[in-house]
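So the protein lines, in turn, are chains C and S.
One point on numbering: in the working numbering, the residue at position 455 of the first sequence is 504, and numbering is uninterrupted.
One point on numbering: in the working numbering, the residue at position 90 of the second sequence is 696, and numbering is uninterrupted.
Simulated from the structure, these hints should not be mistaken for laboratory data.
Note that the coordinates shown come from a computational prediction; the quantities given were computed from them, not determined experimentally.
One or more of the hints may lead you astray.
Stated by the list, open to error - Straight-line Cα separation of at most 30 angstroms, DSS-like style, residue types lysine-lysine; simulated pairs:
1) S:Lys644 x C:Lys377
2) C:Lys103 x S:Lys876
3) C:Lys329 x S:Lys832
4) C:Lys286 x S:Lys1050
5) C:Lys209 x S:Lys700
6) C:Lys391 x S:Lys744
7) S:Lys923 x C:Lys209
8) S:Lys744 x C:Lys286
As the list claims (entries may be wrong) - Covered stretches of chain C (in silico footprint by chain S; criterion: 3 or more residues with CB under 8 angstroms from a CB of chain S, positions within the stretch not fixed):
9) 137-148
10) 240-251
Every residue, glycine too, gets a C-beta built ideally from N, C-alpha and C.
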Amino acid sequence: MSSSASAHPQDLKRVAAELMTRADRLCRNALDAGADQAEVYAVRSQSVGVGFEKGDLKLSQVDDGSTLGVRVFKGGKLGFASTNQSSDAALATAASDALTLCALNPPDEANRLPETRPAAPDLNLVDPAIQELGIEEVVDHGQRFMDRAQAHDARLSIDKASVDLRIGTHCFVNSEGAELSESDANLSASIFGMAVDGDDVGGFHYTGDHVRNAERIDAAFAHCADEFAEVCIDNLKTGAAESYNGPVLFAPDAVLELFVSPVISAVSAIAVQRGRSALKGKLGEAIAGANFQLLDDPTDRLLAGAASFDREGQPIGAFPIVEDGVLKSYLYNSYAAAVEGKASTGHAVGGPRGLPGLGPHAVSMAGGSGGDRDALLGALAKGLYVMRFSGTIDPASGDFSGVAKSARWVENGRVVRSVRETLISGNAFELLRRFVAMSTEAPTLNAAARAPWALVDGVSVTAG
Amino acid sequence: MQTQDPTDLLAEALAKKAGGFVELRFHRRRTRSVAVEKGRVDSSKISEHTGVGVRVLEDGTWGFASTDRIESGTIEQAIDNARRAARASAARRKQRTPDLPHVELARGRFDAPGLELIDKPIDEALAMVLRLEENARKSSTAIQSASSSYTELYEEKGIVTSDGAKAWTRLVRPEFRIVAIAGDAGEIQRGRESVGATGNWDCLFHHNTAEAMTDRAAKTAVDLLKAGYPTGGRKRVLLSPQLVGILTHEAIGHTVEADFVASGSCARGKLGTRVGSDLVTLCDSGISEFHEGAGGSLPVDDEGVPTQRTTIIENGKLVSYLHDRESAAAFGVEPTGNARAWEYDDEPLIRMRNTYIAPGEQSYDELIAGIDDGLLLDGAANGQADANGEFMFGTLIARPIKNGKLGELQRGVNISGQAFDVLGSVDGVSSEFRWDLGSGYCGKGQPAKVDAGGPWVSCEVLVGGRQA
């Protein structure tokens, strides 16, 4: 490996071809060992990273590795094995391990590969200006990111921060003739720490971002550093909240955790089929207020989950989950779809070290018409503003209970102090109908998803 | 299924690339797992992940590289890559890391007990999870669904350093989980039990049989359908050994990791001061204390330091932090064997192993009898601690205690508090002790297999019930 993660843009074609050759070989091994059907998912990841600890550069790291996972079906039975070793012997062992497990398992009529479908358009996820970054440039980006955060206030204690360049190529091949590959190059930043002022230690905060377009790096990382610093400083000098049951303003992170995550768990077709979804039987019904819109959008290049095919090689695109508060669809991978005699919706997810799971790729909750965060603070007038939730959410029932982190007390529509030891609880599915207002903007959250600020009524607040 | 000792290969590569501090860590993980839900096999897999991680200290700066090829030439290339990474960033390093002081490092072969498990056919685990999932599902008409899984991590590590470590360790960690979901009139509740160990199935099911765990999970799910919520507020609670484990891990353990202390955690500057009541002695150990099988046991850490028991709090006084070699040198103490890396391509970080509060002298019944108005809490959900010592963790069930008597089952709640305030409020510690978080994974950028536990402990916390 040279000092950059990948020496040349065109090298990615060679990387994909080599990976595909190994994937093909493993697929053939599985068929030769007796599988009725086989599929191989392979990922190669080349990365260069720099880590900071306690405000100082700690370690630079260079990695290059690949992993192949093989799923086999025989007589309706399932087996899976993975390896990160590339020798012929290792690939033969993986195929043999998968078949050994396959022989032990009970048959299931839904165990079969999905039909091969035409590929979705290439998303072009590699910016050569990102791909060609060398280790010195990654270190420079890391240092600028650190300096930007630290420059805000001497009371900041940056426990850990990192900037990482990752160039990934994933390939999919199966015994039904599917052959797909795609590459992705991104630079990501993350930061974790708190503010310390004498004996006053503020609650920690963490944030990050993930950039595919070199022109966005400086602005995205600066925004990330600024937001981190401001929240940490504001976490100092905490006071008490008040106990009540009523409206609470949630920042996008908390909206995602408390309200979007339970919906995502409940729209899994497997959760519905197996009796652990609170949204079973609710297709076509209003499950939330008319202002609630939820989409899975893997074509959104600002989100880390952008891709053109899923873990089973199915083409993927924008997919509405909740529109105007009405549940539009459950999510299916090929197994869940086969149980109901349907086609997969392209929601097989996961890496090469495990069987395909089921879930969304790039969740996007739309904003509303409530203006910006300050307008929603005004609408709250008096009560709790929660930026992050640290607690338990039961995905089956929707019950949640936990600590409001980086939380603020609001009076007369303005933040008056940070608060500590404040617990919130409620039921996510009941509260979906009690969204009073949402911000117009729905920012990306660590490039994992999009969500707006939301003012939600009926939340139980217990102050310590 | 066992690999040949790789330490000679590592030593050979290191000899060809001698100069400065170099640490080579071979790591092979073979994972076998099966998972069943509602009568269907969801997952049945064998996964191999093997490679060598290289860490160097060059120009007072750390460099790291890894390779998945176990050959002398590629390991030497990884050493070059790690040095290149260190040099590329050395100019940015403000405080150069001095050479690590000499410490006694491990040499030889270290096999944890129970390695015969890896030769046990996976059929037995598959039969067990299929049978128990069915038992749970058929135990009540209210049970809508059940799932069960078994995972087994087999680990081989070879650690060779330029200052003397040459250790080859092997261990196996099995885990078992059962979840039952009950439903009635649109209400859904779940009961769950899990266990993890370092060792064989005798260690795994030392405290409870898999059948007993299954029965309990199903009964809890059904009983919770009719249970109410506790009211919120500051209360005296009796924490189960599992919850004491998560308290020690989340609320105390993270704040005394030396890297977090240096960043300003609430434990900074408190060595030698009182942080808990006299009844509290809290330790972290690489050894399975009291009985075999604790899930975070390891004979040698990932810097080649032999592990030991570290007393963190002794009779209420903070006496030690948890260290790797670099932090120990900075604090002027001996390393405690807490450097751990999840996989070969992860750098070692300061992590806990088996963390616990030492048992006391009271019985469980005496502790209940001593509480006039409080709650018994059991079943850990999840947990998190903050830099300022504020912690949160979820519980599965609660039972009110009134005038020394236990009341009817209630739904679990989240509890919160300031770590050292809560330890200061401890007024009762049972003689019964249990490891009870062996199926857990700690997250700190990378996962780590840990365990935690303790006795039943009476203390005061903030309970997050419902406001009217």
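Proposed proximity, Lys832 of chain S with Lys329 of chain C (alpha carbon, max 30 angstroms): holds (21 angstroms)
Stated coverage of the segment 137-148 of chain C by chain S [criterion: 3+ residues, CB within 8 angstroms]: Since 5 is at least three, the answer is holds.
Restraint status (C-alpha distance of Lys286 of chain C to Lys1050 of chain S at most 30 angstroms): holds (26 angstroms)
Hint consistency between Lys744 of chain S and Lys286 of chain C [alpha-carbon to alpha-carbon, up to 30 angstroms]: At roughly 54 angstroms apart (the allowed maximum being 30 angstroms), Lys286 of chain C and Lys744 of chain S break the hint.
Pair hint Lys391 of chain C and Lys744 of chain S, alpha-carbon separation not exceeding 30 angstroms: The hint holds at about 29 angstroms.
Hint consistency between Lys103 of chain C and Lys876 of chain S [alpha-carbon to alpha-carbon, up to 30 angstroms]: OK: Lys103 of chain C and Lys876 of chain S at ~19 angstroms, within 30 angstroms.
Distance restraint between Lys209 of chain C and Lys700 of chain S, which requires alpha-carbon spacing of 30 angstroms or less: holds (15 angstroms)
Satisfaction of hint between Lys377 of chain C and Lys644 of chain S, Cα-Cα up to 30 angstroms: holds (26 angstroms)
Pair hint outcome, Lys923 of chain S versus Lys209 of chain C [Cα-Cα no greater than 30 angstroms]: Cα-Cα ~29 angstroms, so holds.
Three-residue Cβ test at 8 angstroms for the coverage of the segment 240-251 of chain C by chain S: It holds, with 5 qualifying residues against the three required.
In summary, the structure is inconsistent with hint 8 from the numbered list given earlier, while agreeing with all the others.
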